[in-house]
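Join the two chains, each given in its own frame, into one complex according to the hints.
Protein chains in written order, with the numbering used here: chain A, 108 to 387; chain B, 15 to 364.
Since the hints were made in silico from the structure, they are not lab data.
No residue lacks a Cβ here, since even glycine has one placed at the ideal position from N, Cα and C.
Watch out, some of these pointers could steer you wrong.
What the hints assert, rightly or not - Examples of chain B residues toward chain A, derived with CB under 10 angstroms:
#1 TYR41
#2 PRO45
#3 THR58
#4 ASN72
#5 GLU92
#6 SER96
#7 ILE108
#8 GLY110
#9 VAL111
#10 ARG230
Unchecked claim - Interface residues of chain A toward chain B, partial, derived using beta-carbon atoms under 8 angstroms:
#11 ARG172
#12 PHE179
#13 LEU183
#14 LEU335
#15 ALA350
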Amino acid sequence: MNARRKSRGGHSGRGSSLFPVSVLLLVLLPLLLMPLAAVFVFALKGGPLAFWDAVRSPEAQFALRFSLLIAFGTTLVNAVLGTFAAYVLAKHRFWGDRALGVVVNLPVAIPTVVVGTSLLLLWGPIGLLGKMLVPLGLQPMFRPLGVLLAHLFVTFPYMLGAVKPVLDELETTYEEAAYTIGASRWTTFRLVLLPALRGGLITGALLTFAHSLGEFGATVMVSGNLRLKTQTAPLYIFAQFEAGDIAHANAIAAVLALLSFTIFFFLFRFASRAERQEAG
Amino acid sequence: MLILRRVVKRRVRAAVFAVAGLLLFAYALWPWTPMARLARPPRTIVFYGFSILGEVINHGVFPAFQKRWADRTGERVEIVSSFSGSGTVTNQIILGVPAHLALLSLELDADKLAQAGVVPARSWRRFPFEGVVNRTPFVILVRPGNPRGIRDFGDLTRPGVRIVHPDPFTSGGANWAIVAEYGAGARSGAADPRRAGHDLLLGVWKNVVAQAASARAARTQFENGFGDALITYEQEALYDRARGKLTADVVYPRSTILSEHTLVRIDRNISRRDADLVDAFAAFLFGDEAQRIFVEYGFRSVKEPFNEANPGFGSIRDPFRIADFGGWERARDEIVEAVWKGQVLAEMKK
Numbered sequence: 108m109n110a111r112r113k114s115r116g117g118h119s120g121r122g123s124s125l126f127p128v129s130v131l132l133l134v135l136l137p138l139l140l141m142p143l144a145a146v147f148v149f150a151l152k153g154g155p156l157a158f159w160d161a162v163r164s165p166e167a168q169f170a171l172r173f174s175l176l177i178a179f180g181t182t183l184v185n186a187v188l189g190t191f192a193a194y195v196l197a198k199h200r201f202w203g204d205r206a207l208g209v210v211v212n213l214p215v216a217i218p219t220v221v222v223g224t225s226l227l228l229l230w231g232p233i234g235l236l237g238k239m240l241v242p243l244g245l246q247p248m249f250r251p252l253g254v255l256l257a258h259l260f261v262t263f264p265y266m267l268g269a270v271k272p273v274l275d276e277l278e279t280t281y282e283e284a285a286y287t288i289g290a291s292r293w294t295t296f297r298l299v300l301l302p303a304l305r306g307g308l309i310t311g312a313l314l315t316f317a318h319s320l321g322e323f324g325a326t327v328m329v330s331g332n333l334r335l336k337t338q339t340a341p342l343y344i345f346a347q348f349e350a351g352d353i354a355h356a357n358a359i360a361a362v363l364a365l366l367s368f369t370i371f372f373f374l375f376r377f378a379s380r381a382e383r384q385e386a387g
Numbered sequence: 015m016l017i018l019r020r021v022v023k024r025r026v027r028a029a030v031f032a033v034a035g036l037l038l039f040a041y042a043l044w045p046w047t048p049m050a051r052l053a054r055p056p057r058t059i060v061f062y063g064f065s066i067l068g069e070v071i072n073h074g075v076f077p078a079f080q081k082r083w084a085d086r087t088g089e090r091v092e093i094v095s096s097f098s099g100s101g102t103v104t105n106q107i108i109l110g111v112p113a114h115l116a117l118l119s120l121e122l123d124a125d126k127l128a129q130a131g132v133v134p135a136r137s138w139r140r141f142p143f144e145g146v147v148n149r150t151p152f153v154i155l156v157r158p159g160n161p162r163g164i165r166d167f168g169d170l171t172r173p174g175v176r177i178v179h180p181d182p183f184t185s186g187g188a189n190w191a192i193v194a195e196y197g198a199g200a201r202s203g204a205a206d207p208r209r210a211g212h213d214l215l216l217g218v219w220k221n222v223v224a225q226a227a228s229a230r231a232a233r234t235q236f237e238n239g240f241g242d243a244l245i246t247y248e249q250e251a252l253y254d255r256a257r258g259k260l261t262a263d264v265v266y267p268r269s270t271i272l273s274e275h276t277l278v279r280i281d282r283n284i285s286r287r288d289a290d291l292v293d294a295f296a297a298f299l300f301g302d303e304a305q306r307i308f309v310e311y312g313f314r315s316v317k318e319p320f321n322e323a324n325p326g327f328g329s330i331r332d333p334f335r336i337a338d339f340g341g342w343e344r345a346r347d348e349i350v351e352a353v354w355k356g357q358v359l360a361e362m363k364k
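Isolated chain B (complex conformation) (with noise of 0.2 angstroms):
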C-alpha cells in the first residue's frame, strides 16, 4: 500500500514536470507555428542604423511610413531593426548581416563599405542631400548647475575635470567629437590654428576617464553617475528633455561640428521583390513627413526651415561642417589619424 502511494506520487510529479516543459515549449514555439505566421505580415524592412536612431526610427518614422505605405498599397510591412555604435553597424554589415538600408554616423563608415566590396563607391550621394538624412550639433553635457563651470571644450581641459567619451574605434559619434573638439580649437582665432587644435584635443583626451562602444552606451555611462562631462549629440540631450528625463545642463561651445548621417543602401541584400518598399522607404526618410518627425525626436533637419518646429535647438556662435575640412576622407587623415591617433595618443602615455 506505501509502496504502491509512492509510486503513484512519483508518477504524478513527473507528469506536472512533463505539463510543465510542455507549456513552457509551446510558449516558445508559438510565433513559429503555421496560425501565428498567417497573423504575421509577409514583408520585412531590415534596417540597421547608429546608436542615437533607434527612438525616432522605431517609434516615430517608421510607424509613419507604415501607415502611408498601408494607405495606397493596403499591405502591411514591418521593420525589423538593429541599434548600435556605428563602426559595429559598418563591420556587421561587412560580415554580412542582411541589412536593407543602413543609416551611419558619418559617410567615412560608408566610404569603409565601400572600399569591402559591399556597396559601389559614393552610391549613397545619388541619394537626395548626397544621402545625409538629417543633422545634429555636438554639445557638452554637465551635471545639474554646472558645478565645475563648463562654458566651452577649452574648460574641459582643466586638470580634474573627469569626461566621458564613446571609443572612435567602434563609434561615429566619437569621430565626430574628436573633429569637433580639434576644430574648436583650430577655429578659435590662435595665430597657428594646427596647435591649437591638437592642444585642445590634447587637453581633453588627458580627462577622459572612461570610453563606451556608441554614444549611446556612454551616455548610459554619464547617467549612471561617471564623469562630470560629456561629449554628445545635441539630439541625445533634447530627446531626454522632451520626455522630461535629462539630469543634466546642456553646454553649448562657442564653436562646434554639426554632424551628418548618411544613409546607405545595400543593394546585394535586397531582393527584386523587397526594392519598391525598401526604396519607397528610403524616399520617405528625405520627404517632409519624416523630416518634420525628426525634428520633433531632436535632429535637425537638411530642409533649415523645418528647424524652426523646435525651439529647443541651442543657438551655436561658430557652426562648422566637416565640409571645412575638406571632406572626411582628408579629416580622418589629418585630425584623426595624424594628429589623434598619431600625436595626442602618443603624448598621453608618456
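So here's chain A without its partners, still in its complex pose (with noise of 0.2 angstroms):
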C-alpha cells in the first residue's frame, strides 16, 4: 500500500503538493466539515445529560429503532434480490437485458420524493392496485410495509452495483469446472460465486444499511409520520426542527451521523484491505 502511494505522488516533491490540498481543505472546511461539526456541537450545547435525556426520549428511542429495524430489512431483503438481479444480468444474455439493465439502476436517478409518490399512487387507498387491497382491510401505506417497499425500491441499485461488477469480471472457467464434475447450478453458487463475492456483498450491505438509515425524500410520502408508530429518525429530526425543538432534532442526528461514520469507516477499511489483498 505504502510502496503504491509512494510511486504513485513521487514526482511531484513536497512543496508543489502543498498549495493543491490546503486550497482542497479550504473549500472542504465549509462546505462538508463545519457544518458536521455544527451538528454536534449543538447536540451538546446543553451538556451531557440533556443530550442523553434527548435521546432517551421514548419517541427519539423508538424512531431510531424503526429506523435500525427498516434498514436491517431493506439490507436483507436487497441482498438477495439484488445479488440474484446481478446474478441474472452477468450471466444471462437475452432480449432486452441492456433495458432492465438500466430500469434496475433507475431508482439513483429518480428523485426520492417521486418514488414516494409513485408508491402512494400505486399501493395508498386510492392508488391504482391499493384500491383493491381496501376492501380486503389490506393496506400497505401509512404503516411499516410501505416504509420498507419505499426503502427497498430507493436502494435497490447498491447491492446490484457491488455485486454485479465482481460477478462481470469472474472467469467463467471456476463455474464451468465445477458444472463438468457434475454440481448443480445451486452448488456451484454456493461454492464458487459466493466466496469470490463476499466483499461485494458487504460493500452493498454496508451502502444499503446507511442509505435506508437516512432515506428521507420517499419515506415523508409513504409513513404517514406517526410517532411512535411509522416515524423513522430523520422525519423524527424533521419534525423536531420543524418544531423549534432544535436540542432533540439535534441530538438524534449527531446519533445518526455517527452510525452513519462508523459504516463508512468500515467500509473504507474493508475497501482497503480488499485492494491489498488483490494487489498481494
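Below, the structure written as C-alpha cells:
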C-alpha cells in the first residue's frame, strides 16, 4: 500500500503538493466539515445530560429503533434480490437485457420524493392497486410495510452495483469446472461464486444499510409520519426541527451521523483491505 | 505460526463485527418482541392536528384524559399523534392515514374532507360549539424592542419591512392571516371597505420574504433570524412566554380575527371496538378540564369565563370572527380566491 502511494506521488515534490491540498481543505471546510461539526456542537450545547435525555425520550428511541429495523430489513431483502438480479444480468444474455440493466439502476436517478409519490399512487388507498386492497382490509401505505417498500425501491441499485462488477469479471472457467464435475447450479453458486462475492456483498450491504438509515424523501410521503408508529429517525429530526425543538432534533441527528460514520469507516477499511489482498 | 495467528485474528475480528451487528439488531427489534408488546397498552387513539397543537395535546390534554379514563375504567390507553400544517393533515387524511380524530385549523379543511367523501358534510357541527374546540387571535411578532415601530397591520406595508408568513396552500394559519389582514383593512372605517382590505393585503404581501409550510415552521424560521415580523397565532407567543423562551415582542393589531379550530371525527377509520374510547376523548376536549388546559397553554377557550384564568391574553379593540365575513366558504371565495389569489398575487408579479 505504502509503496504504491509513493510511486504515484513520487514525481511531485513535497512543496508543490502543499498548495493544492490546502486549497482543497479550505473548500471542504465550509462545504462538508463545518456543517457536520455544527450538528455535534449544537447537540452537546445543553451539556451531556440534556443530550442523553433527548436521546432517551420514547419518541426518539422509537424512531431510532424503527429506522434501524427498516435498515436491517431493507439490507436483507435487497441482498437477496440484488444478488439475484446481478447474477441474472451478468450470466445471461437475453432480449432486452440492456434495457433491464438500465431499469434496475433507475432508482439512483429518480428523486426520492417521486418514488414516494409513485408508491402512494400505486399502493395508497386511492392508488391503482391499493383500491383493490381496501376491501380486503389490506393497506401497506402509512404502515411500516410502506416504509420498507419505499426503502427497497430507493436502495435497490446499491447491492446490484456492488455485486455485478465482481460477477462480470469472474472467470467462467471455475464455474464450468464445477459443472463438469457434476455440481448443480445452486451448489456452484454456493461454493464457487458466493465466496468470491463476499467483498461485494459486504460493501453492498453496508451501502444499502447506510442509505436506508438516512432515507427521507420517499419515507416522508409513505409513512404518514406517526409518532411511535411509523416515524423514522430522519422524519423525527425534521419534525422536531420544524417544531423549533432544535435540541431534540440535533441529538438524534448526532446519533445518526455517528452511526453513518461508523458504517463508512468499516466500508473504507474493508475496501482498502480488499485492494491490498488483490495487490498482494 | 504467523499464518495461524493471522487467521485467529481475522476470526476474532469477524466475531466482534457479528456480535456488534447482532446487538444493534436486538436493540432495533426490541419494541416488536412479544415481551415488550405485553407491556404496551392495547388501545390507542390516532390523533392528527394542525401545527401548534403538539405540546398542548401530548403534554396537557391527553395525559389528563389518560388519567380520567384509567380512573373510570382501569384501562391504560395511549395516543398516537402527528402534527403538521392543517392543509397537509387534510391531504394526508384524504390519502388514507388512519386518523380517528383530526383537529383542523379551519373549517374549510373539514369541508375539503367532506368533498372528498371522507366524512359526511357538516358532520362536525354535531359536536358542541359546532365542532370548534378553541380559538386564538392573530397577532404580529416583532424583534425585541420593536425596532421597526410596528403597531398594526398597516405598519407592515411600509417599504423595507420583511415579513415571514406561512404558506396559504398548506397552512390553515396562513388562511386565517389573510382574512385577518384583509379584515383589518376592511374594518378600518374606510369609505370603500373592499378597496381598503385589498390595499392592506397587497401591501403586506409585497413585503413577504419567506413562506413556510405551517405556522409552526414559519415561527421556527422567524426564530432563526429571518425577517422583521411574523404574523401568527397569539397562542404561539403566549406558550413561549410561559416557558421564558419568547425572544420577540407581541403586537396586538387594532382589528384582528380570532381563529376557530374544528374537530372532525373520521368514522371510517374507527372500529366498533374503539368507538367508545374515541368518543370519550372527543367529548373530553370540549369539557371543562380540557378547556382549562387549553387556556393554560395560551388558547382562548370557547367557554368565555375560563379565559380570565390567563392574564397573558392581550386585549384587542376590534376582534372579529369568520362569521362576520359570512363563514369560511364565502370568505374563501370572496377574500382568499378573489382578492388574494385573483388580485394580490397577480399584481405582485407586475
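Against the structure, the hints:
1. TYR41: 6 angstroms, holds
2. PRO45: Since chain A brings a Cβ to about 6 angstroms from PRO45 (chain B), closer than 10 angstroms, the hint holds.
3. THR58: Holds - the Cβ of THR58 (chain B) comes within 10 angstroms of chain A, reaching about 8 angstroms at its closest.
4. ASN72: 8 angstroms, holds
5. GLU92: With a minimum Cβ separation of about 8 angstroms from chain A (threshold 10 angstroms), the hint on GLU92 (chain B) holds.
6. SER96: It holds, given that the least Cβ distance between SER96 (chain B) and chain A is near 5 angstroms, below 10 angstroms.
7. ILE108: 8 angstroms, holds
8. GLY110: At about 3 angstroms, which falls below the 10 angstroms cut-off, the nearest Cβ of chain A leaves the hint on GLY110 (chain B) intact, so it holds.
9. VAL111: 4 angstroms, holds
10. ARG230: 6 angstroms, holds
11. ARG172: 5 angstroms, holds
12. PHE179: With a minimum Cβ separation of about 6 angstroms from chain B (threshold 8 angstroms), the hint on PHE179 (chain A) holds.
13. LEU183: 10 angstroms, violated
14. LEU335: The hint holds - LEU335 (chain A) has a Cβ within 8 angstroms of chain B, the shortest such distance being about 6 angstroms.
15. ALA350: 6 angstroms, holds
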